[in-house]
Amino acid sequence: MSAPAYRVIVGMEVHLQLRTRTKCFCGCLAVYGAEPNVHVCDVCLGLPGALPVLNAEALRLGVRTGLALGCTVARRTKWDRKNYFYPDLPKGYQISQYDRPLCTDGAIEIDGDDGATRRVRIRRAHLEEDTGKSFHVAGTKHSRIDLNRCGTPLLEIVSEPDLASAEEAGRYLEELRRIVAYAGTSDGNMQEGNLRCEPNVNLVYENGDRTPIVEVKNVNSVAGVERAIRFEVERQDREYREHGRTSKNTPRSTRGFDDTTGTTVHQRTKESADDYRYFPEPDLPAVDVDPALVEAERASLPERPRTRRLRYVQALQLSAYDAGVLTADRRVADWFEAALGPDRTAKTVANLLTGEVFARLNAAGKAIDAVPFPPARLGELAALVDGRVVNAPTAKQVLKLLWETGEAPAAAVARLGLAQVSDPEAVRAACEAAIAAEPAAAAALKAGNEKAGGRVVGHAMKALKGKGDPTLVQRTLRQLLGLPS
Amino acid sequence: MTSPLDLPVAEMAARVADRHDSLKAADLVDAALARVRALDGRVRAFLHVAEEGARRAAEALDARVARGEAVGPLAGVPLAVKDNLAVAGMPLTCASKILGGYVPPRDATVVARAVAAGAIVLGKTNLDEFAMGSSTENSAFGPTRNPFDLERVPGGSSGGSAAAVAAGMAPLALGSDTGGSVRQPAALCGIVGHKPTYGRVSRSGLVAFASSLDQVGPFARTTQDAAALLRAIEGPDPLDATSRAFPAARPAAGLSGLRVGVVEELEGAGGDPEVAAAVGRVRAALLARGATAVPLSLPLSKAGIPVYYLVAPAECSSNLARFDGMRYGARVDAPEVEPLYARTRDAGFGAEVKRRVLLGTFALSAGYADAYYKRAMAVKTRLRVELAAAFSRCDVILSATSPFPAFRVGEKAGDPLSMYLCDVLTVTANLAGVPAASVPAGLTAGGLPVGAQLWAAEGHDDLVLSVGAAVREATGLGYVAPAIAKEVA
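Chains A and B, in that order, are what the protein sequence lines are. The opening residue of the first sequence carries number 1 in our numbering; numbering runs sequentially from there. The opening residue of the second sequence carries number 1001 in our numbering; numbering runs sequentially from there.
Read the hints as simulated data drawn from the structure, not as lab findings. The beta carbon of each residue, even a glycine, is placed where N, CA and C say it ideally should be.
From chain B, some residues computed to sit far from chain A (all C-beta separations above 12 angstroms):
no., residue
1, 1089
2, 1142
3, 1235
4, 1297
5, 1299
6, 1332
Partial chain B-side listing against chain A, Cβ under 7 angstroms, derived:
no., residue
7, 1241
8, 1315
9, 1364
Using the sequences and the hints given, assemble the complete structure.
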């Protein structure tokens, strides 16, 4: 008897580090990778008598991120203490938000596994301070604590369980990362811990049985999230089939992901719900969020990356691949759009950008802002290509000049006489000469061997000093050989 | 011959600030240190005397005066500081073992401001551990004694500061008041103690007990002196998000037409008849000078003690979580982190602190928070409303500060509930955030001081203190030095 089919249900909790210069409640620098315990003060160390004071920039970035996620921003929000003991939590409580989160009811769209758009609802996004870091030194009885991260601002983003697979969870994280990078509110770098996630995974069977929800911790990459979820799906299904474990007879639990083995390991059950003894933070007044701030942030939000990507496909007729490449980084997309114009096609601009320009950037290990000329110049070159003033090899030559000397494309073409030969008489003469010079290849082409025709085309182009209009050359040759064009 | 230490603060400071006057800050500090040496072996008001530091600060101030520099309104005035307020470079104990040898890196805002105004920090004074108590017996370093009767307590939790001022060792002192911890010891020691409007004075550098109730307040022999210290320390502080500016208080009303609220629920209340009689005499004197009595009812004030003993322990259970032996203070080592916390906190905290941490942890626990903490907070909010309504009908409320005068050391130490009732007349002002001061109202037949408490609406601290001054004029009652203080110059 085969077990009934199941659906995978995944919800995501994401901790996003907001890109503030200083920490959430004190003036210490919020930086990654410094010597341990150098960016600390009496407030983030929780010294007796020290009090938190809200960093307005953390609130602004929280509002901006919430808006970028389609959330409603609360008119009034407040702070709560989440009480628990841990060595890297100096005050014995974390300043967080419990019942009045800054942002609620958002959603982002991703591509579902079925190819349709999947809308993933965001239940809430609230601000809180980060903890320090503990390092358990192997072979010793001691742990080391670094409190530099203590008090840096986080936005905890909690999704509804709207994701149906490991791959969708991965796409959700990628999209979230692009959205916050577009909004400029976080670096979203998982390696540096700017974006940390805890997937909640369980299965629902056709007969209504559910496996107990498992929260997975210690996941540090998108690939890791996908692996962890795939592992959990298999494990939970096996537990269900072999031991009949369901949410009715088994408590929720937390498991840790081991990146080296790709497995999850039981950490603790949530039988007794964690009691954080939340209560309103008496050291911080409630915050009345200025509607003008919300409107200013809303007005200055960029188009969402996914919207932009779909627009590139639909309105600009780019391939899905090109659209994805161009919108992966907002600066690239902005640069690309600045190169567009009425006398050139988006496709040509995209080809020049993702081809020749990216190749040069990649070779130099540089980002888009290292291109030594303004986007409009690339647009001018694209216009020359689309107007069939230059052909592809010439375009490459012009781009090289543009990159190295800054010479404007039209000027370079004029100065060096690089305009392509589109004069039908000149092309016809070159083609006739080519057929005469390559009779065997011409005969093969005539017989339908397109590959062999390359030699004839090559000969004609050579006669035209490489500047022949490739389309005209092709058409003329076929005409002369009596082939359909 | 009177000591310059016994001058009004304004006069003392003005003379120090006058380069042509013979009185120097160093003289005041020397006189204060001499009194500490003579008396404090018996009173035990101080946990730390900053002899060297105070002398150096006084000399530096005198040098500035000699150079013709302007100095502040507290120039040269010795100041005793409750030892739950940070003074950079001096040990901070909160009268607890758990802080070990902790020395804070910077001054509390109130200390920095008082020093900027010219005050000289004389030392740190004793308190109930973490300000939890009403007798200063809950100090890990032993109780402070009442200068009027060394067998009796000075009140608490700011008992050290109150005793220091009452014994004449310092003209001014800072305390903190969460449920009466400035006013009640002021009453028991026969001096003035003021709890400012919540938010008027910065809490930065005050070791938190119950953050939503804590306020730093001045002790002095007169309301004028207390006002001088309040002026120096009040005002919004960028380091305390709950500190606020209050509009300039209304000009001190004369007694004529002053509406004095008399709260039914606060009268008698099982207190000492001598206390009730003393407060009655103060009221009669005010009415005789043109004030009118306004009978009032504050039904929710009866809930003051239960509400206070839920809110304050709840906040304290969280505020004291940082004392975990990890980063500073005492630590009792253990092979694992959980027992390290448990052993450190068990050894470091005294019984009353543990009792309140447990009570507060319970009150905030899942399943209990709704019945206890949240309900208490709801009553607190209604109490504010009730009190605001009362102050639309009267200018000040007059009541006793403490139901009884100073009790004997040990008398209530074994009975926490009767100790909690010491606060029955004071907690309401903390819960409502309004200002209240205790002013001297004479002595009992046995020679123990009695305090009268004046309360006003939020922000009207000046009214409280000016009516306090009027009480003194009307009754002739004020600070009188205890016998012990007369032993020294």
